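With the hints as your guide, set chain E onto chain C.
Protein sequences, first through last, are from chains C and E.
Plus 8 on top of the position in the first sequence (first one is 1) and you've got the numbering used here.
Plus 8 on top of the position in the second sequence (first one is 1) and you've got the numbering used here.
Don't read these hints as lab results, they were simulated from the structure.
From a predicted model like this one, the values you see are computed outputs, not experimental measurements.
Careful: at least some of the hints might be erroneous.
One copy or two, either will do: identical chains are not told apart, so a pair holds if it fits within one copy or between any two.
Only pairs whose alpha carbons sit at most 30 Å apart, straight line, appear in this in silico DSSO-like list of lysine-lysine [claimed, not checked]:
1) LYS34 / LYS92
2) LYS92 / LYS38
3) LYS25 / LYS92
4) LYS25 / LYS175
5) LYS25 / LYS413
6) LYS145 / LYS25
7) LYS409 / LYS92
8) LYS361 / LYS92
2 protein chains.
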Amino acid sequence: MTMNWDTVFAERTSEMKRSTVREILKLTAKPEVISFAGGLPAPELFPIERIREATDTILSERGAEVLQYSTTEGMPELRQLIAKRLSKGKFNISPENILITSGSQQGVDLIARILLDERDRVIVENPTYVGMLSSWKPYHLHFSPVPTDNNGMDVQAIEPLLKDKHKLIYSIPTFQNPQGTTLTLERRQKLAQVLVDNDLLYVEDDPYGELRYSGDPVPTVLQTEAELRNATDVTGNVIYCGTYSKVLTPGLRIGWIAAAFPIIDKLVQAKQATDLHTSTLNQFISYEVARDEEFLTSHIEQLRNVYRQRRDLMLETMTANFPQEVTWTKPEGGLFLMVTMPAKLNAAEILVKALEQNVAFVPCDAFFIGDMGHNTFRLNFSNARPEMIVEGIKRLGAVLKVAMKE
Amino acid sequence: MTMNWDTVFAERTSEMKRSTVREILKLTAKPEVISFAGGLPAPELFPIERIREATDTILSERGAEVLQYSTTEGMPELRQLIAKRLSKGKFNISPENILITSGSQQGVDLIARILLDERDRVIVENPTYVGMLSSWKPYHLHFSPVPTDNNGMDVQAIEPLLKDKHKLIYSIPTFQNPQGTTLTLERRQKLAQVLVDNDLLYVEDDPYGELRYSGDPVPTVLQTEAELRNATDVTGNVIYCGTYSKVLTPGLRIGWIAAAFPIIDKLVQAKQATDLHTSTLNQFISYEVARDEEFLTSHIEQLRNVYRQRRDLMLETMTANFPQEVTWTKPEGGLFLMVTMPAKLNAAEILVKALEQNVAFVPCDAFFIGDMGHNTFRLNFSNARPEMIVEGIKRLGAVLKVAMKE
Numbered sequence: 009m010t011m012n013w014d015t016v017f018a019e020r021t022s023e024m025k026r027s028t029v030r031e032i033l034k035l036t037a038k039p040e041v042i043s044f045a046g047g048l049p050a051p052e053l054f055p056i057e058r059i060r061e062a063t064d065t066i067l068s069e070r071g072a073e074v075l076q077y078s079t080t081e082g083m084p085e086l087r088q089l090i091a092k093r094l095s096k097g098k099f100n101i102s103p104e105n106i107l108i109t110s111g112s113q114q115g116v117d118l119i120a121r122i123l124l125d126e127r128d129r130v131i132v133e134n135p136t137y138v139g140m141l142s143s144w145k146p147y148h149l150h151f152s153p154v155p156t157d158n159n160g161m162d163v164q165a166i167e168p169l170l171k172d173k174h175k176l177i178y179s180i181p182t183f184q185n186p187q188g189t190t191l192t193l194e195r196r197q198k199l200a201q202v203l204v205d206n207d208l209l210y211v212e213d214d215p216y217g218e219l220r221y222s223g224d225p226v227p228t229v230l231q232t233e234a235e236l237r238n239a240t241d242v243t244g245n246v247i248y249c250g251t252y253s254k255v256l257t258p259g260l261r262i263g264w265i266a267a268a269f270p271i272i273d274k275l276v277q278a279k280q281a282t283d284l285h286t287s288t289l290n291q292f293i294s295y296e297v298a299r300d301e302e303f304l305t306s307h308i309e310q311l312r313n314v315y316r317q318r319r320d321l322m323l324e325t326m327t328a329n330f331p332q333e334v335t336w337t338k339p340e341g342g343l344f345l346m347v348t349m350p351a352k353l354n355a356a357e358i359l360v361k362a363l364e365q366n367v368a369f370v371p372c373d374a375f376f377i378g379d380m381g382h383n384t385f386r387l388n389f390s391n392a393r394p395e396m397i398v399e400g401i402k403r404l405g406a407v408l409k410v411a412m413k414e
Numbered sequence: 009m010t011m012n013w014d015t016v017f018a019e020r021t022s023e024m025k026r027s028t029v030r031e032i033l034k035l036t037a038k039p040e041v042i043s044f045a046g047g048l049p050a051p052e053l054f055p056i057e058r059i060r061e062a063t064d065t066i067l068s069e070r071g072a073e074v075l076q077y078s079t080t081e082g083m084p085e086l087r088q089l090i091a092k093r094l095s096k097g098k099f100n101i102s103p104e105n106i107l108i109t110s111g112s113q114q115g116v117d118l119i120a121r122i123l124l125d126e127r128d129r130v131i132v133e134n135p136t137y138v139g140m141l142s143s144w145k146p147y148h149l150h151f152s153p154v155p156t157d158n159n160g161m162d163v164q165a166i167e168p169l170l171k172d173k174h175k176l177i178y179s180i181p182t183f184q185n186p187q188g189t190t191l192t193l194e195r196r197q198k199l200a201q202v203l204v205d206n207d208l209l210y211v212e213d214d215p216y217g218e219l220r221y222s223g224d225p226v227p228t229v230l231q232t233e234a235e236l237r238n239a240t241d242v243t244g245n246v247i248y249c250g251t252y253s254k255v256l257t258p259g260l261r262i263g264w265i266a267a268a269f270p271i272i273d274k275l276v277q278a279k280q281a282t283d284l285h286t287s288t289l290n291q292f293i294s295y296e297v298a299r300d301e302e303f304l305t306s307h308i309e310q311l312r313n314v315y316r317q318r319r320d321l322m323l324e325t326m327t328a329n330f331p332q333e334v335t336w337t338k339p340e341g342g343l344f345l346m347v348t349m350p351a352k353l354n355a356a357e358i359l360v361k362a363l364e365q366n367v368a369f370v371p372c373d374a375f376f377i378g379d380m381g382h383n384t385f386r387l388n389f390s391n392a393r394p395e396m397i398v399e400g401i402k403r404l405g406a407v408l409k410v411a412m413k414e
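Here chain C stands alone, though its shape is the one from the complex (with noise of 0.2 Å):
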């Protein structure tokens, strides 16, 4: 008797399906591809070296300890300097609000885990990040849409759906996944005052807010919830998630969450039956690094200038190749500008053509509530080197040329 798969899985499971971005980033793998598919900070300017001497030093000096099991809610020291890092002026986090997590993308799960109820009603921008998309799906949501701009969420279409009782917001305010737009201050300041008047939870998913090259900085909704409240701790409604993914390195996998204490508690319990908790040696060498804050100012610069170089590169280089009746985001910061094209052609065909080019990019409908942007895609303008942008999108513009001519 052989076991008959197709009815062996949870009805949940209806929901998930490989992530669309990560099997793209499987086609692009060959080396003649020059990839714009990818969240993939430049490797080149890991700080390689500095974490080698790390870890050497705390293998060297307390290996017993960094290779043992640790508690759930994370190193207290590194706790303590993410805290610190994250209180601006009189805005105080203390460490008891910081759960580390296994990257940020743990950090939107276990949320959804302590939180959603199946068929809960949750706000998000529209684009929105398919991380939370893929993880969030299987608690059969109902999402409601709020549309973007330039200036981010419009937070004043937030209101009208409040007449349905929802459970919480989620949004990318800083440099968004895909569109790289940024919610402004006067928005965010709005957004705070709609979460407090009507009692609602929002999720700040900030993995970018670090990586500015233009413009004001803009602080976090966090920290304008908490000063709208005159609070100047976290003990309101906003939930932050947080990564050294993109300011340090992805692979060690260390995030967290900052957040009131009950929903920290509720947060360490659910970790502690998820993978009981954050491997103990990426915690110490994430805390050894970081915590030389000279280093990671000079760090983070470092990578701003050459984001920013690539950024307007590549924004030049469009200018100069694509087509007229083809638009895109201008980002200050982050990793990600998004394009959309003419309605009549569809991005996941004209990536189809950019393959047989060698070049490659995220078609952006799965980031989408609802049957649309099937005319939009992704750019990742952080991890090509400089002559590789010049070229991919020279040979982009190409193939959109002849689409819009077909």
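Positioned in the frame of chain C, the structure of chain E alone reads:
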């Protein structure tokens, strides 16, 4: 308006609580406490120098690669290595049947995610692994307990349960946690027959299988079931969870699942949404250390020798110091044994008295399905050094003797 945290959380969190074991571990952090509470390997046996050298090599030679994002399935060479070690004789596991997880706890958690619907029936040995219960209870399952004796789960007792539809059986067949007992070959064959006859899935949780100190080795249930079907590959009903936590070091959080490809395929989708992938660096470190078969074999041999001595010493000291009304299991391997006191004694109350004497253990009631096991507790013999074992067991014996007279 302040958030009413009591009404915020998802319904499934009513089944979440902080792990008793991990909370007791916090109490035992004081250096004067002799703790038999954890499931910790002996840190003085960690191959620290080997890990330090391996890490140095891979960061020097392949730094950009080992610190970058990587595939959800796991590092191909590591999957190959694990597949090869699990293959025995004609039984041949392919790397496509392996998913790398963040510890075997994540394996157990992901399995529930893809297989279990609310209110599904699941068969477990009683007592069973408390970490599985923390992960699975939020799904509101119906657990059908099967009694155990010194030969492991009473497989005969499974058939009558099957008048109700069950989704799967979960157990630790080899050096079980908390009892340390092992399912005999005869019972493994009977179990495999039950699985095949009833088209039932079986989760074989096997973190301790390599740690045998006496008695004859038995094949895994994975292998036993394949043999019954005359299969030489993994296409059957067994889902196997393994880990490097006990044979190398737990701080890296590297485990794996071996299963039929349709199961692995679905697990990959669930893991993508959960944490993208397991730490690239830690997979490379584990591969670099474990691929030296001669080293791994001699390292495991050393663990066996040291743990065998500690087990024997604990058993001898118990015989000499525990009141005769108290009984315990005599494991052939693993990390634990379980003590049963007369029914009038309560392990939680004894723990309070033991902690006053600076000695700790884990009461086992949380490991049992149903209101039972209050007179049982678990002792770990791998973590404490010999003189601590003698002193701790003497103290515990004194506490038990006083309690017996009260």
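Margin query: Hints numbered earlier in the text: which of these fail when held up against the supplied structure?
Written below: 5, 7 and 8
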